[in-house]
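Protein chains: 4
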Amino acid sequence: MNISVVKVPIASPDDTSELKRLIDQGDIVPSRVIAVLGKTEGNGCVNDFTRGYAVRTLKSFFSGYVGEEAAGSISYIMSGGTEGVLAPHHTVISRSVRSAGEEAAADGTKSLAVGVVHTRDFRPEELGREAQIREVASAVRKAMADARIADAADVHFVQIKCPLLTAAGMLDARSRGVEPIVDDTYKSMGYSRGASALGAAIALGELGEGEVGEADVCADWSKYSGVASTSAGSELACCEVIVFGNSAEAAGDLYMSHGVMKDAIDGASLLSLLRENASAEVVQVLAKAEADPSGLIRGRRHTMLNDSDINHTRHARAAVGAVLASLCGDPMIYVSGGAEHQGPPGGGPVAVIFRRNTN
Amino acid sequence: MNISVVKVPIASPDDTSELKRLIDQGDIVPSRVIAVLGKTEGNGCVNDFTRGYAVRTLKSFFSGYVGEEAAGSISYIMSGGTEGVLAPHHTVISRSVRSAGEEAAADGTKSLAVGVVHTRDFRPEELGREAQIREVASAVRKAMADARIADAADVHFVQIKCPLLTAAGMLDARSRGVEPIVDDTYKSMGYSRGASALGAAIALGELGEGEVGEADVCADWSKYSGVASTSAGSELACCEVIVFGNSAEAAGDLYMSHGVMKDAIDGASLLSLLRENASAEVVQVLAKAEADPSGLIRGRRHTMLNDSDINHTRHARAAVGAVLASLCGDPMIYVSGGAEHQGPPGGGPVAVIFRRNTN
Amino acid sequence: MNISVVKVPIASPDDTSELKRLIDQGDIVPSRVIAVLGKTEGNGCVNDFTRGYAVRTLKSFFSGYVGEEAAGSISYIMSGGTEGVLAPHHTVISRSVRSAGEEAAADGTKSLAVGVVHTRDFRPEELGREAQIREVASAVRKAMADARIADAADVHFVQIKCPLLTAAGMLDARSRGVEPIVDDTYKSMGYSRGASALGAAIALGELGEGEVGEADVCADWSKYSGVASTSAGSELACCEVIVFGNSAEAAGDLYMSHGVMKDAIDGASLLSLLRENASAEVVQVLAKAEADPSGLIRGRRHTMLNDSDINHTRHARAAVGAVLASLCGDPMIYVSGGAEHQGPPGGGPVAVIFRRNTN
Amino acid sequence: MNISVVKVPIASPDDTSELKRLIDQGDIVPSRVIAVLGKTEGNGCVNDFTRGYAVRTLKSFFSGYVGEEAAGSISYIMSGGTEGVLAPHHTVISRSVRSAGEEAAADGTKSLAVGVVHTRDFRPEELGREAQIREVASAVRKAMADARIADAADVHFVQIKCPLLTAAGMLDARSRGVEPIVDDTYKSMGYSRGASALGAAIALGELGEGEVGEADVCADWSKYSGVASTSAGSELACCEVIVFGNSAEAAGDLYMSHGVMKDAIDGASLLSLLRENASAEVVQVLAKAEADPSGLIRGRRHTMLNDSDINHTRHARAAVGAVLASLCGDPMIYVSGGAEHQGPPGGGPVAVIFRRNTN
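Residue numbers (our numbering), protein chains in the order written: chain A, 130 to 488; chain B, 130 to 488; chain C, 130 to 488; chain D, 130 to 488.
One copy or two, it doesn't matter: identical chains are merged, so the pair holds either way.
Once the Cα atoms are required to be at most 20 Å apart in a straight line, the calculated EDC-like pairs of lysine to aspartate or glutamate come out as:
#1 K352 - D312
#2 K188 - E369
#3 K188 - D144
#4 K239 - D280
The hints are simulated quantities; they were obtained by calculation from the structure and are not laboratory data.
Kindly generate the complete structure, drawing on both the sequences and the hints.
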């Protein structure tokens with residue numbers, strides 16, 4: 130396995146001009162693409178259609194190269210919201226098709242490996258509940274195997290795209306006599322992200338199987354994963370899981386590392402990663418952002434949770450995105466909002482894909 | 130002259146509980162207060178009434194200590210908008226009443242000095258035009274004299290609160306047959322801020338008197354002040370000017386320095402100030418933020434200017450506030466939006482009030 | 130008792146110029162004012178400080194006429210949000226001080242009567258729960274007695290201002306080991322409004338005492354009051370109750386009637402009232418608005434509940450305000466958002482204060 | 130010519146399920162479709178991608194029936210913004226392919242006729258200026274001919290979709306040394322809509338050719354068209370013009386009429402149309418909405434133009450949409466925002482497509 134990661138700026142949710150250029154000049158090979166992580170310029174909340182628009186555009190675009198079925202099997206994970214300095218873009222992840230054995234480094238050096246798995250579709254009332262936690266845990270384990278990562282310590286980022294409850298979904302559940310976990314589309318996004326993160330924590334051994342239940346979702350913030358990054362959207366009914374990590378069975382010049390932001394202004398967490406890997410080039414930064422549920426940051430009051438004009442996830446992305454961009458010098462990074470059970474309350478995981486300096 | 134600067138958290142625009150506590154314990158002496166720079170939690174745009182609410186509250190509060198007239202002569206400069214991590218608070222600036230000569234350091238050490246001056250009231254049609262530029266230039270010179278700062282190089286921050294055009298103001302101008310500079314309350318804020326900043330640049334010799342005219346306002350972004358910080362609000366008709374700098378005729382343990390952010394993620398500008406003054410304590414950070422008018426930051430597209438849900442000043446404050454808070458470790462800093470002609474396009478001034486370590 | 134009702138336009142939350150003019154010319158007598166119902170131009174949601182700003186302004190204004198204590202005993206009920214065509218204003222309600230017997234009409238004609246009562250302050254965890262329901266029910270009964278209205282059928286509008294859960298309130302409750310009803314400031318407004326409305330329904334016999342419990346709040350929408358209008362704000366900790374109706378012990382030329390809007394476009398409900406009282410003059414229209422929780426209006430999908438940029442209460446006020454203004458020909462009416470348990474789901478009470486044509 | 134008009138609800142910008150059902154059962158014949166007027170649930174402002182998303186979806190959908198070229202020749206006019214009660218939907222307009230002569234009524238009865246024409250693409254700097262006015266005037270005349278409407282008095286609605294200035298467009302113009310009409314994407318929408326409306330007014334003889342110039346655009350509000358409805362979007366560079374009216378050369382049971390709303394609450398204008406055509410069935414209502422530029426409605430202050438959280442076009446659509454929906458009893462109507470030079474200031478055209486009762 131050999132993973133390539135290419136950042137592609139987009140001028141709008143349906144822009145594929147730069148992507149086409151990169152394919153034309155051979156930097157991206159459509160048949161090898163396994164996932165696209167996008168940042169699109171919607172509100173990142175319930176009625177953000179830029180995510181679906183981008184997915185529809187990409188599916189149609191890749192269909193022209195590899196056919197509809199292969200294009201449909203690529204994992205498209207769109208995170209809405211480019212508040213503040215954040216730049217809309219796609220991170221295109223490709224995996225070579227040759228056998229892993231051939232490519233693994235002889236000296237046991239671990240390189241970036243990526244595995245992708247989907248869960249089954251969920252019914253509206255399963256979101257934020259036991260079923261979602263367990264299905265995601267199982268999918269994360271499968272994705273690790275797909276990535277040929279044996280040790281959970283080698284996993285540095287688990288990206289999960291999960292569904293949300295729409296008004297229609299709530300009506301559907303109730304028409305069958307069952308009550309969804311929450312009576313609010315916007316809040317349902319938090320429950321779905323939270324249950325997915327707890328599932329990842331179980332799979333990676335961060336939390337014991339018996340330690341976590343649906344009562345913990347959006348309730349016990351002390352339970353979290355340090356590598357899960359989950360984002361909710363209305364454009365899918367299953368969870369899409371992408372595991373990123375390092376594997377001795379992978380080849381190539383990329384590798385990954387991660388830290389955990391303690392709060393929204395904890396730039397030190399990224400700074401440490403950058404210093405420890407000072408000889409390597411930064412390919413992409415991936416992070417989660419959230420408004421501290423305590424209403425405080427470093428003892429100071431923030432107003433994100435009381436703001437009825439701008440959703441707190443938008444505030445949080447703007448803040449964390451700017452902090453990380455100021456350190457890596459690039460606003461075209463992946464910062465996604467809503468970090469329920471992803472890192473400590475008010476904080477979140479931050480991961481970096483590095484390119485080894487091979488000179 | 131001896132200047133004291135105290136940061137006071139507020140729980141809402143009308144909260145004076147912590148201010149009262151600080152007065153009770155002698156940290157703030159009402160009769161010495163000359164200015165309050167506040168960050169209040171409104172949208173910082175046209176219909177932000179948190180600024181006026183805070184001013185009304187403070188005036189009434191100080192009236193209880195020093196009477197209505199003295200309370201009315203304090204300069205209340207409220208900047209709306211605490212997006213992202215920013216914490217609502219007031220920065221209370223006091224000046225001792227004893228003569229400057231008595232207090233000046235024998236060794237010529239320069240300490241923080243502050244001068245305050247108001248312009249006359251402006252008519253709606255004067256905003257953003259020649260009259261505002263010239264009146265502000267004159268007021269800045271008077272405020273330097275008031276602060277006993279002789280050399281413009283010793284000025285590190287010029288805070289100006291200026292009026293905006295309301296719907297009523299536009300009707301008024303037109304009823305007298307004159308057209309205001311712009312037909313949009315929100316845009317008028319930029320013109321008023323811009324004209325004020327150009328006035329400061331003239332007064333400080335950053336731009337020549339003959340170099341700047343009203344045609345430059347919100348047009349020629351190459352003309353700017355590196356220390357002006359102007360903010361617009363509907364609660365006043367004149368410009369209030371506060372000059373901050375260092376003077377050999379001032380005593381005390383505070384002093385000031387400043388840098389210029391090249392863009393919204395230029396944390397390096399603050400980092401340099403912090404390193405050069407590593408032995409001193411940071412008392413307060415003051416900065417301006419704006420969305421780069423080019424639509425780009427470090428060559429990457431930002432979406433702040435195309436966002437019809439959130440005004441670009443709100444995005445910019447969230448971004449710059451988080452970058453600076455992550456470096457100084459405190460989200461209770463003064464970051465104000467709309468940096469027209471205040472620093473280079475997309476950037477802005479950043480100033481720090483330090484306390485000398487006297488051990 | 131003789132009630133006068135005067136509508137006063139305001140140019141901003143702190144504008145009292147027209148109010149002063151009306152007092153100067155004798156149309157409003159400060160010592161007789163018992164309540165002010167205001168529409169202020171904030172977002173009507175959690176961080177709407179225009180309500181508190183207006184209350185502070187009015188208290189200070191009336192203090193100048195009647196002293197601080199009497200000014201403090203006036204009931205200030207501010208409803209934020211003047212979306213669409215709605216015009217910011219105050220409805221000033223005054224009651225003559227002479228004895229009821231003297232003024233009652235000899236022929237038993239019932240005229241407008243108003244009664245005002247406050248509950249005790251609530252703890253954060255009591256909001257949306259049994260305590261709030263029962264205290265409000267008791268306060269409504271007392272306010273009926275205060276208004277000398279014996280028959281619940283003569284009550285046409287019950288305006289209740291109630292508290293909301295702030296981030297601070299939630300922390301406070303949890304610090305005492307109790308969990309507030311909901312973990313979200315914005316949603317808490319609905320619970321507080323809902324519990325208040327159910328309390329009114331009990332007091333007026335619309336629902337039986339044993340029929341309603343806290344499990345019904347924001348859950349069983351079939352239970353509602355046809356005359357309650359409740360609105361939540363952060364500026365108070367108790368509920369303020371104002372009962373409007375007709376009483377044979379009241380004199381004067383005003384009287385009231387009401388209808389119930391079945392949905393947000395049910396203009397017919399107001400049209401009936403206007404036609405039935407065609408010979409009378411419309412003094413003020415008071416109504417509640419909400420987004421239909423089913424997501425549908427007349428079988429068509431609305432998007433108010435899925436909109437993460439604009440809160441659904443803002444959408445609903447804009448819609449209902451315009452429908453009613455188009456019928457009565459005046460956009461300066463009182464339309465308040467969030468009609469939980471106030472009228473049927475998606476609908477709400479609409480009441481009209483009429484002036485008898487005495488020619 | 131025989132025109133059919135079918136309203137199709139959509140569950141999201143990319144929903145075609147109901148459209149497909151209507152085609153399956155023969156109510157819509159893809160090869161006859163000439164235009165789709167959609168209301169999509171974005172903000173209707175600069176960054177509303179729901180319009181482009183819907184267009185992309187529809188083009189791809191119709192391609193499956195009639196091929197890419199024919200699908201591309203359909204005129205897709207998407208108006209964003211379904212504030213308040215408005216329901217997202219498409220109005221699908223079809224024209225039979227048989228010759229006009231065959232179908233015309235023998236008795237000279239005029240029936241609904243529709244003509245469609247595109248202008249050439251505009252350069253960014255042409256928007257809001259002379260070039261746009263003249264090209265649109267010419268296109269409206271051609272569309273009348275296409276609809277076989279000889280008399281301008283028979284034209285009841287002219288729908289024009291026009292471009293806006295994006296940040297990229299402004300950079301492009303400036304790179305060629307020319308300045309666009311305005312330095313603000315959002316405001317550019319008004320200029321483009323205004324120039325288009327003035328072009329229509331010229332073509333229909335509402336204004337004389339020599340009476341109107343680019344200096345009038347968004348300046349002289351006394352110049353307007355009573356039937357133009359223009360809407361701006363980033364998804365096209367030309368203007369798409371659709372003329373609706375009645376023609377003796379058209380057959381079928383549909384016909385059209387229109388009125389002009391004097392202000393946002395002028396429901397009487399629609400009520401007159403409904404009463405005059407009481408025996409006919411309402412097929413669709415089409416109208417324009419705007420915030421009165423005077424800041425007043427019926428002498429009362431509105432806050433739409435001072436609101437920095439919600440754009441005034443969103444307020445106006447919510448208000449006008451609700452007023453019209455309350456009268457026709459259906460929230461699934463076409464109400465589009467931004468009525469510059471479309472009807473009098475603060476008002477706008479309202480048109481109704483009726484179906485003759487043939488019993």
